[in-house]
Structure formats: structure tokens, C-alpha cells
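There are 4 protein chains.
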Amino acid sequence: MSDVRHRLSELRREFHRHPEPGWREFRTTGRIVSELERIGVDEIAIGRDALETDARMAVPDPEELDPWLNRAREAGVRPDVLEKTADGHTGVVAVLERGEGPRVGLRVDMDGISMRESADPDHRPTAEGFRSEHDGYMHACGHDGHIAIGLGTLEAIKNSEFTGTFVVFFQPAEEISGGGKAMAEGGYLDGVDYLFAAHLGLDNPTGTVVAGIEKPLAMAHLTVTFEGASAHAGKAPNEGANAMQAAATAIQNAYAIPRHSDGMTRVNVGRIEGGTASNVIAEEITLEGEVRGETTALMEYTRTELERVLYAAAEMHDCDVTPRVISESPRVDSDPALRDLVGAVARGLNGVDSVVESVEFGVSEDVTYLMERVQEDGGLASYLLVGTDHPTNHHTPTFDIDDESLEIGVSVLSDAVLECSRRRP
Amino acid sequence: MSDVRHRLSELRREFHRHPEPGWREFRTTGRIVSELERIGVDEIAIGRDALETDARMAVPDPEELDPWLNRAREAGVRPDVLEKTADGHTGVVAVLERGEGPRVGLRVDMDGISMRESADPDHRPTAEGFRSEHDGYMHACGHDGHIAIGLGTLEAIKNSEFTGTFVVFFQPAEEISGGGKAMAEGGYLDGVDYLFAAHLGLDNPTGTVVAGIEKPLAMAHLTVTFEGASAHAGKAPNEGANAMQAAATAIQNAYAIPRHSDGMTRVNVGRIEGGTASNVIAEEITLEGEVRGETTALMEYTRTELERVLYAAAEMHDCDVTPRVISESPRVDSDPALRDLVGAVARGLNGVDSVVESVEFGVSEDVTYLMERVQEDGGLASYLLVGTDHPTNHHTPTFDIDDESLEIGVSVLSDAVLECSRRRP
Amino acid sequence: MSDVRHRLSELRREFHRHPEPGWREFRTTGRIVSELERIGVDEIAIGRDALETDARMAVPDPEELDPWLNRAREAGVRPDVLEKTADGHTGVVAVLERGEGPRVGLRVDMDGISMRESADPDHRPTAEGFRSEHDGYMHACGHDGHIAIGLGTLEAIKNSEFTGTFVVFFQPAEEISGGGKAMAEGGYLDGVDYLFAAHLGLDNPTGTVVAGIEKPLAMAHLTVTFEGASAHAGKAPNEGANAMQAAATAIQNAYAIPRHSDGMTRVNVGRIEGGTASNVIAEEITLEGEVRGETTALMEYTRTELERVLYAAAEMHDCDVTPRVISESPRVDSDPALRDLVGAVARGLNGVDSVVESVEFGVSEDVTYLMERVQEDGGLASYLLVGTDHPTNHHTPTFDIDDESLEIGVSVLSDAVLECSRRRP
Amino acid sequence: MSDVRHRLSELRREFHRHPEPGWREFRTTGRIVSELERIGVDEIAIGRDALETDARMAVPDPEELDPWLNRAREAGVRPDVLEKTADGHTGVVAVLERGEGPRVGLRVDMDGISMRESADPDHRPTAEGFRSEHDGYMHACGHDGHIAIGLGTLEAIKNSEFTGTFVVFFQPAEEISGGGKAMAEGGYLDGVDYLFAAHLGLDNPTGTVVAGIEKPLAMAHLTVTFEGASAHAGKAPNEGANAMQAAATAIQNAYAIPRHSDGMTRVNVGRIEGGTASNVIAEEITLEGEVRGETTALMEYTRTELERVLYAAAEMHDCDVTPRVISESPRVDSDPALRDLVGAVARGLNGVDSVVESVEFGVSEDVTYLMERVQEDGGLASYLLVGTDHPTNHHTPTFDIDDESLEIGVSVLSDAVLECSRRRP
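So the protein sequences, as listed, match chains B, E, P and S. First residue of the first sequence: 1, per UniProt numbering; consecutive thereafter. First residue of the second sequence: 1, per UniProt numbering; consecutive thereafter. First residue of the third sequence: 1, per UniProt numbering; consecutive thereafter. First residue of the fourth sequence: 1, per UniProt numbering; consecutive thereafter.
No wet-lab data here; the hints were simulated from the structure. Be a bit skeptical, because a hint or two may be false.
As the list makes no split between identical chains, a pair holds if one copy fits it or if it spans any two.
No more than 25 angstroms apart at the CA atoms, straight line, and that leaves these computed lysine to any residue pairs for SDA-like [said to hold, decoys possible]:
1) 215 x 232
2) 235 x 324
3) 235 x 326
4) 215 x 37
5) 235 x 58
6) 215 x 295
7) 215 x 360
8) 235 x 202
9) 215 x 359
10) 158 x 349
All chains, please: the whole structure from these sequences, using the hints.
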């Protein structure tokens, strides 16, 4: 098989056809392992060898995991890969040892989302035959391209004059903020001097590079279950403990949590379900919600306030409530020094016509767990954006990327990694 | 001065000109005492001699009491009366000892309300010169007539063949449910075998008598103060503890307290006030509210639920809350046996053209404290209605009564009292 | 096959084994038709011949109906019955013509509920082998017994000296208040002089008969869908129209609809579901709720208030809302004259040791549509209760009835029907 | 009388003794006019000559204005001044014509607030005998010092080599955002090339100068009255239209207005009052609230959302609602060019030890109406801060300023004005 660099588009399209949601990237992990073996690296840590099991978040129940495992098995993924990734342990880390020099990391996310891809003939994946084959799931955020870029960068570094250690983290479950912390604590991040991560698009066209984002939002996802007591709504409403009223009171007051003087906060209740019938006082209601903040402290302020609202709403209606934090991520900004390095590298590159120093990110990303750890240990981290023409917004059924941008991604990242080895830490 | 029976209208109009609100009936008490002395009774217990001080409810602050005391002094009320009624001790009990026989009680309420009486020339008190002289206060519920009837009945019993003991309770502060309990526990009710009370009107025309009401609502009035912390609403809303949000949450959930399978309940928040300025997070909000129930237990259910709502709403917004029960009254029904006696007596009377056995009362009255105590001790009680043509509803600025009904009231009550002495307990 | 009277228990247990929910009583209808043919009646109107199609309420979607139709077909129900009952047209009317005399009706309900029957060996249906064979569904309200009694009564009347016309209405979908109106308007109720209906149990033990209930609650079931606009909850919450907030506001204010001076009202939101993910402003939320009233007017007051709450809550959050009334039933009381007839008949019966004139029903029943129509046309109607020892409450997994009560039911009803023909209208 | 420059402290202390709230600065205006006449200027426009009457906001009712007018008359304010300032027309504009050159403006605010000044002997105004003589009102924000600085600057410019026109706007009613717009449209601002305004303190110590603030919040104050219908809360709650419930629903949803992606917003309900008694459904409730935004558009978004909430809450409870905007102010930033000029001037000054280029203001100020108009006409504006040691926060009973800072204020402003005439527009 030819070099990755000649197969970037082909590889991305293959991954595009097989999107797998968070913690279910069994086939994806298997395919990455194959490519890593083909490229030739010094160490491959698969699944539970690459992650800290106890630090995983938002892991689905076995009944949601197993069908994907079975599908991957049927698709020919190797038993040893399946074994190491089973029970919510997808992901892989590749290490290239090249003598003395800095330890440089690259984090690549790999999961798809649950969305039915457009079958419109004008949608390029449909027209050109690489539409999702996993009905109801889609690579609608560009992670298929990220994987291709990650593999291409690894290959490029292997073939370069790079000295030091290069570690690529293929991280699962970014979309549900579930995998970042587990990978940050998996051991391979220890001692990393420079950490890169990249995202395609985000409203930047092909040819633009943003050297490092800042102000991602700190975030926490929660599920909340109110438990009361049912009763006949006609005969004896007073005998119930109405979880519906508790939930409604909580929702109203959650959105009314005071704005904070230190900056932006967000709160949302995005899902609700509960109760059994119109003539029964609802016994159980479950909510899914989230809080965010411009800083980790602001997110935590909002979470604390939300919890007080939840407990008081439950008490008001004689119910119990159990709020559970499913996943979270801190706010961490790119280091200016590393942004400068990326900017300098990007400016000289073929195909790059605009280099932006920094943008405010405005959403959340659990790469911040990795960035935070690196920075705490004295390293530098930058999360850069590689422009790509995308016809519609991320997370829409007609999202697509421009395959031309994949090569730019490889160039920027591999040159930046190489530059790190020149500078030494 | 002539007999009360020839001055019923004149007396009622004099009281109408001088309405005094609850616990401030200094002049009213003084005038009743004068009439009692003129009639001649065996014992007159004034103010603190007639009441259990600790059982009073809804007593206003001294600064609200004192202007009325001063006005009464200037109007010539005797110092000994003022001394005994000061500090919220208005009211008087008269006792007529007539040998062997049952102890029969009559309860009469005597307070006005805070409402500006109509100055419309079509309003009879205005046309005929007996409009309220206490601006902003009015006898808009007929208690002026009740006092005249009470005095007339006492005089009639004195001049009758009645044997036994007849006690008339001129009770203060009925409108604010403040005086009933204090009079019930004042000592003079002990041993009462038969207790009567009467109300004029309530949509019954002159000539109708209702022998005894049932289903008054049990009731409790509360004031509730939420205390939080102020903060600048623009600069740092998060630094406040918003009593406004706590109050709004409490109000919404108070009205949503579950209906009860055992019968009718009511809840209301009728007054609110608080906060300082639009740009300040409100530190303190005060509510006035009430709960009612078809039974005392249902009222207590609603009060307990309300208190849970209040405490949880405060906690939700990091505030404190202090709910205070200002006054209350239980549900007590008229005894069928005594209703029958009243009905039998009323049927034979001149001027009575319709006798109704019983009606559902639907509102609250603190005479129930007296009725409850009498019934607990084995006595009988009935609260009857004496019809009177009233042009508009009770508690409206153009309320008035038909003076013809006063004589009917005296006849029904005195004949009923007399009949009790014939039957013996 | 022997007479129904000797097979009451056996029949009831057969129906118990095959519970079918509202509008899906295909097998039940088929079995009733077989029995009717065996008994021999003058007319059998099946499904769409017995119902007014446009007056049906709460009819499930085809995908919910069809599995039950298929199961009934596999169980051997005749094609002509299936054809006439398809698409939500279950139920059957039997007519016995016996010359001159009054037209007497008996309404029998026949549906089960969605509840998993207890597998506890102490639960008699389990112990004696007649537990539900339709997993997740159960005759937990006694309708299985009602069918047996209905068939038994028909047979008894056929073999009696009854003259006139006797019509038995096997009505579908009582539990979801869906079938009453359609059967009331199906034609066979026209001209009915006397209408009976009966319910087993309801806390009355075997041997007790209640001659006619009063005060069933008028009721309406609704589904309500709020539709807003989704948006990213972190990036641009202001771009959404939050159906979650609209629903919470509606729920809070629904429970706070003012109590009514004319009597008891109820409101409940018993089910809720909507939204897609914690980081998305919810676009659509669906509620299931109900309103009830002591009278039809009180129910309609509450429904009108609820609708105003719903529309205003939607408008407040820039959403649309569609409230749909799924089913409803009016309040109709038993006629005292017919209650007296039932009472007189019951008093003389073997096995009846207590006859109660009337009880307040306190819940809802769509037989009121049939009763209302009969009364409007000048006829009389009574809904009686036939006591049965039941170990646990109706609508619980361990509900069961005492088979002894079936014969009592047949005796009371057939004697009452016979008595009607003696009295003539 | 000696020059202002030698009386800065004395003047400020005189104004401190006589604080007057917005639109009631009759004595203050009179005293300023006297000083202007003493200094000698070319034109003095008093009250209605200086303001656009129709553009005034938050003007109190006559019964709130008149006592202050009478007090000023008794204090000896000249009849012509009183006539021109009556009916909410306080304020004065002074014009100095000095030949060719730019038109330079200085805006000075002059009102106090309603707060009782501390009588603590440690509070310097108390200790040194210049505590407020208007009980319940206080110069707790430093406007007393602003007036002294404004007069001192005018005198300094008169005695300088300044050429051009210098206009000083003594603006009323800043604290209630009522006077800015009226003065912006009063005519004297037309053609202004450079506009200055200054505020003492705001956490900057004596010796610090901030050359120009940015990001004041756009703001609107509202009063909102809900009108429903009263009813007896026990007898017939359904007959009311509950303004209390409407207000509670509105408050809950007001605080829950979605955060906006474009930046910071604020909403607050700071005052509430209404209803008559605990047993009456509330007929009328009045709220006082405000909305703010980081930009004028964000404030308007919040106001529009708030109004939708208000109207829907009223409709939900069958009430009417009237939201009234009492006052507002846009967001306008200082011009960097003028900030630079101020910074350059300040750096050279005696007593200035720290010059800050700019700070984010974070609150609201209606000087923005004047700045906006100047900028729209092509002029430059800067709002600077003159540090002063203040023992406690602005708007607290123990607020005080350091009189040393008054001279610094005069120096910075007069040098900046002079520098403008050197640069020419």
C-alpha cells in the first residue's frame, strides 16, 4: 500500500463511511492500528493500555457498546484489538522514538455523532459514494479528516530529520467529552514538552490557519433524576410527590441562575423524559443538562448554583434528586509562544494564504484536559485550526470538508513538530 | 334615655359613624359599657379582664394602636375603660345572673374595616348623615348592627322570664381573626351550655332567617419575609442572594400545592412588597398570604405544604425565610339540635317570612374558636344569619343594611335564648 | 357448551388470560361474538356497525393496532370480525327483541391496561394458571369479569319472561375514555328507556351492592406539543426558541390554575418527553395531561384555563403549541328513581348482604356519554357497583376479583332489567 | 470672594451639605449660577433654556418636586432661577467665547442620591461639620466634587491662553439616567469638537488618572404594572385575574432570558409592590426593573425579550400589563485619540503618579447620550476618571473623597481643554 500522504483523501473517505460514536470506535481503532503497523512505529498502546480506566467519563452501558463491538468483529477487526478496546476502551497511542530531543505530542480525535447523513445527490459523500454506511451515524464534524491528518503527520515525521520523541494520541469520545481526561492520565502524556491538536474548519476556509485558539468554554454535562411518588391524579393528587412539578421548578430556576461578574456562563436543560400516564402523578423525571463557563471557576460556580436549585426543587415537592456529572472539561488556552511557532511555520507553507494568530473558541473541547496537564508540567500546548471549505455547518447532515485541506494539515503539523525538535525545550 | 329596643336604629347609626378596626375598638368598647351600665347587668368584664392576653392574635404595633386610643380619650371615653383596653385589649363581656338554669352565651363582633365609605349622595349613610366620621374606615360588614342587636337582646332577656345565666361576649378583632381565641379562653365561656352568634345579611334579604350555618372554612393568615443579600444588579448580580427570585418561586409553587382528596382547600398570596431600586438585587421581600380548608385538617395540610414551599424557595436562592402565622380559626359547624330550636322559634316570628335550615358558609369566622370550646365541653352552638336588604356586597364602600332587620335579630335571638332556659340543659 | 351461568368463572378466566388494550380488543370481540351466537340473539352489530367512527377518541396509530390484529388472526378470530373491527373499530352490540315493552340497555366495558401482571405464586391467577398471556398487559380493573357478567345477564334475560327490547353494548376503550362517545352515537342507544352499567369492586366487598354512583368526574385527556427552534446552547442560546422553558412555565402555571368556587377541579401533567441533547436548546417537548371537574362545566373551565396557560407559555418563549384533546367524558349522575329500583331488587337477592343507596364516584368513566344521551332523551340511567373481594387496589399487578361475585352481578342486573319490563316506561 | 481654585474644598463641602436628587437640584443650580456670574462667562443658559424638555426622562411627579423647590426658595435661590428650573428643568450651561478655535465641552453631573449619610464621628463630613443637611439624601457618589472641579476648570480656562469656545454642561439627574438625553439635545452640544467628562474615584486612589473609560453598559430602567381583577380568595378565587401570579411568572422568566452570544447582558427586577390583603386576589402589582447590555443592541435584545415575557405572563393570567421605559442610556466608548491626549497631558502633571490608558467601566452613565451625539457629528469624546482616596464604596453612607484630588481634576481637565485649542480640530 502506498504512503499515507498519497492516500489522505482515500483514507478520510474510508473513515467517513464508518463513523462510530464515542467509546464505540472499535473498527476505527482497528484500522488506525493497521496503518500504524504499516508506517512502522516504536510502540503502539491500544485501548486499556493507553487510557486511565477510572478517568473515563460518559461511558455507555454494555448494551449500547456491544452491537458496535460485534459489528467491528464482523468487519474483520483483530481479536487482540477488540479485547483491548472492549468495555469502553477504544483509542490508541503511537510512539516514535528518534533519539535525543523534546517529547512532542499530537492529539487526534476520532468519533462520529448520531445524525443521519443526507442522502441528497448534491451532498458530495452521497454523489461520490462515501456516504456513511452506519445508518443514523455520521462524521459530521471532520474527525475522519483528523485521523487522516494524524496518520499523515506521523508518517511525515518518521521520514523527517526530527529528533526526540513523537507521540500521537488517537483519543476516543471527544464529542461526549468522555475520553480527554482518561487519555491525559494514561501515562503517555507525561513529560510532553509540546502538545499540538488541530481541528478542521469551524468557519475557516481552505488556506486559512489559526495558530492557536483561546477561550474554549469549561463545561460539565449532567443527568438529573427526580424521584417522587405516584398517585392517582384525580382521586388523590395530595398522596403523590410530584416529580413533574419538581422538574419544572428546577428548569425555570436553572435558566435564572444569576449571571456572573467575572464573565460568561451558560446553563441548559436539553433533554427531559418521565412520568407514565396523564392520570398519574409523575414518579420519576430525568433531565440531561449542562453548564459552561468562560473559565473553569465560572463553570463550577454555575454547577454549584444548579445543584442548589435541583436539591431545593426536589425538597419543595417532597422528592429526591440525584444529579450526576457525566463528563466535563476545563478551560485552557493555547500558549502564545507555541502559537507563534505555529504561525511562523504556517506563513511559509504552500497553500496557506492567511494565518490568524488566535480566535476565541466559544465552545468546549476535552483536549483541554491534555493541554492543562502539559502546561502544569511546564510544557506548551496549542490547539490550532486548519481551514477547510465546508458547505454547511458542523453537526448538520450535509457537512463535508475539502480534501485539499488534509495535506495542508499534515504540512502545518509536521513542520511545527519538526520546528520543536530544532528549538529543543 | 329610652330602652334600647326603641333606639336600635339610632344606636346602630351611632356606631356606624365611629368604626374602629380590630384591637382598636376603644370608643366602641366605651359606648357598649355605658349602655350595659344603663341596662343594668350583674357583671361587666372589660378588656384584659375578659380576654386571655396570650391567646390574642394579629395585634397591631403600639404605633398603630395609640392614635385610636388618643382619639377615644378625646371623645370622652372613661379612663378606667381605656386603661383596661389599652395595648390591644378591647372588648367586653356582660353577665346577667337570673337564678337556676342553663348558661347561655351570645357572641357579638364589633370591629370595622379599613375602607373609605362612599360619599355618594345615593348612599343612605351619606344622605341621612351617619356616614363614617373616621376617614378611611367603615362598618362595611354590619358589625354596627350586630352591636345594636346584642344590646337589644340583653335588654330583652333582662326584661323576660329567663332563668339561668346569660353572657354576652362583645368580641374585638373578628375581621382579622384576632379576637376569637382570646375570648374563648377568657374564662367567661366556661360552662356555657348554649352559644349563639349571628350575622346580618350575607345575601339573605330582610325577613329571612338561616337557623345555623355549616362549613365555615378553617383558615390561617401568614406573613412571610424572605431575606437575602443585596448586590449591584449590573456589576455583580452573582454576589446577591435574590429575595425577589425566592419570592417568585414561592408564589408560583404556593398556588400549585396539590388539591386534596378530602375536600376543598385554598391558598392565596394577596400582598407583596420589597426591594429598593431597579439596579439592586432585592434583599428583602414580604408577602401576606392565607390558607384555608374545608376542615381544620385540610387547612393544616395546606399550611404545611406552603411552609415547605417557602423554605425550599428560600434555600434555592440562598435566602432565609420567616413565615409567621398571624391569626387562624378552625372549622366548626352549627349543632343540628340548636339549629332546630332556632328554626322553630324563628318560624313563629313577626317579620320573618322565610326560615332556612342551614347554608354552607364558605368563608371563615373566628367565632369557631368559641363554638369549638363549647362543643368540646358538651354544649351546643349555632351561628345564625339574620337577613337584611343590603344594596351592595359586604366589604364594599356602599354597603348598608336595612334597619328593620335589627328588631328581627333581637326577636330571634332573645326568643331562642329564652327557649333554652325553658328546655334546660 | 354449557350455559354461561355455569361458566362465569371459566369465561372470566379465559378473558383474563387475554387482555387487550383499548381499540385493540380484536380477540375479545371475536370471543364475545362467538358466545352471542351460541346464546342466540336477534341482532349482532360488530365494530364499525356498532360505533360512530367519527366520534371515536384516543385511537392509536396503525402501527400500534396491527400487531394486535395479527395476534388475534393467529388466535383464530374470524376474518369477518377482524374486517369489521380493523382500524380501531372493536366492540359489539347484541340485541334481543322480545315484543312490546321498554328498550333496556346494559353497557359492558372490555379492555385491559398496560401493566405486567404479577408472577408471584401467591397471586391467584398465577397459582391457578390464568395469568395474562399477553406480557405487559393485564385485566387489572375487572373488565374480564364485566364481560362474563354481561354475557350471563343476556342469557338470563333471554330465558326470562322479559318483554321489550334488551340491548347489550360491549364497549371498547373505556380505560382511555375513547369508546363511550362512539358507542353513544352508534345508533343502538336511540330510544333506550333504561340504561344500566356496572363495575366490580372499587373497595366494596363481595355481598355489597351500590345501587347507583353519583359524581363521577368530568374529564379530558390532552397531548400538548411545544415547538421552538434548536440552537447550540453554548455558542448561541439566544438563537433558539426554547421549548423546554415553555413547557416548564406551562407546567408550573397549569398546577396553579385557580380553584373554583363551584367545586372540585383537577389538573395534571403526567408525561413529558423532548429535546435531543444536553448541549442543544430543545426544539420540541411533548406533554400528556388531563383536567377533571366535579361537573362538566368545571372540567371545561379548567381546560379553558389550561389552554390559555399553554398558549401564553409558548408565546413567552417564541414557540408554537398544539394542544390536542385526545378523549373526554362528561359528568352524569345515576337517576335516583332507577337507583331505587336497583336497590329494591338487590335487597331481595341471595348473596347480597349490604345495599348502599349511592356513593360518590370521584373518578371518571366514559359510560357517562351513554348515560347523558339516555337522560337527554327522557330515559333513566344508573351505574351500579357490584362488590367483590379484591386483594389489592385496582390497577395494581396483584389485582384479582372474587369469582363468587360474578353470579351476584348477573342476578342484580338481570332482575333489574326484568323489573324494568314490569314497570314499563 | 476669592478664586474658585482656592475654594475647591470649601465649595465641594458646601455642595456636600445640600444634596438634591435628580430634577430637584434647584439650590444647586442657583449656587452654580452665582459662581458663574462671579467668574464671568459669556452666556448662561438656565434650566429650560439649556434642556430639550421632551427628551427628559424619569421626571418625578410635581408632589415630589415642589417641596424641594420650596426649600430652595426659602434658602434664598433667586426667583428667575426657580422659574426657569421649575417642573423638572434643573441644570445650567455656561459658555465662554474666546475667538477662533475649536468648540470644547465639559459635562459635569450634580445630583445626590436618597441615602441617609452616616452620623458616625469617624465619618469625616460628620467630624468636620459638612454632613448632609438634607436628611435622607447624600452626595454619596462624588458629584459635589465634580461641581467644584467643573467650576474650577471654567475659571482656569478663562484665565488661560485658550482660544475657541468652551462650554460647561452642568447636567441634572445623572443617577436616574434622566438628564443626559435632554442636555444632549438642548442645542449647546451642537458643533462640539471635543467633549470631556470626568468621574472621581471608582476605586482609583488619589494620584491616578484613567485617560478614558470604555464599555459602559447600555441600560434601560422600566416600571411595569400588572392589572387584573380582585376577588375573594376563599369564596371565588376563579373570579379574579391574579396579578400576583402574573408577576411571579414574569419575574421567573425574566431572569431566565437567554444569555446572548454577542456578549454580556443583565436583567433585574429590583422592586415590587402590590395587592391589598391576604384574602383578596391581587388586582395590581407594580415592578421596577432594568436591563443592561455590553452594547446598545444587547440591551435592546434583552428589553425586547423582557417585554415578550411580560405580555405573555399577563395574558396567561388574564391580566393587562403596561411596561414603561423610565430612562435609558446607550453604550459609547471614549475615543482613543482623545484618550491619548488626556494621557499625555496627565503624565506631566504634579500630583499624578499613575496614568491608566483605559478601563472597562462595567456600569451605566447617561453621559453616553452626549458622547454619542458628539461622535456622530464627527467630534471626539472621552470620559476620564480622576482618582481619589475614598474610604468606602460609592453609594454607601460613609462615602467620602479626598479633597486633594479636586485640584488634580482641575489641572487635568483644564490642560486637556487647552491642549485641544492648540491642536485645533
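Worksheet item: Against the structure shown, which of the earlier numbered hints fail to hold, in ascending order?
Response: 4
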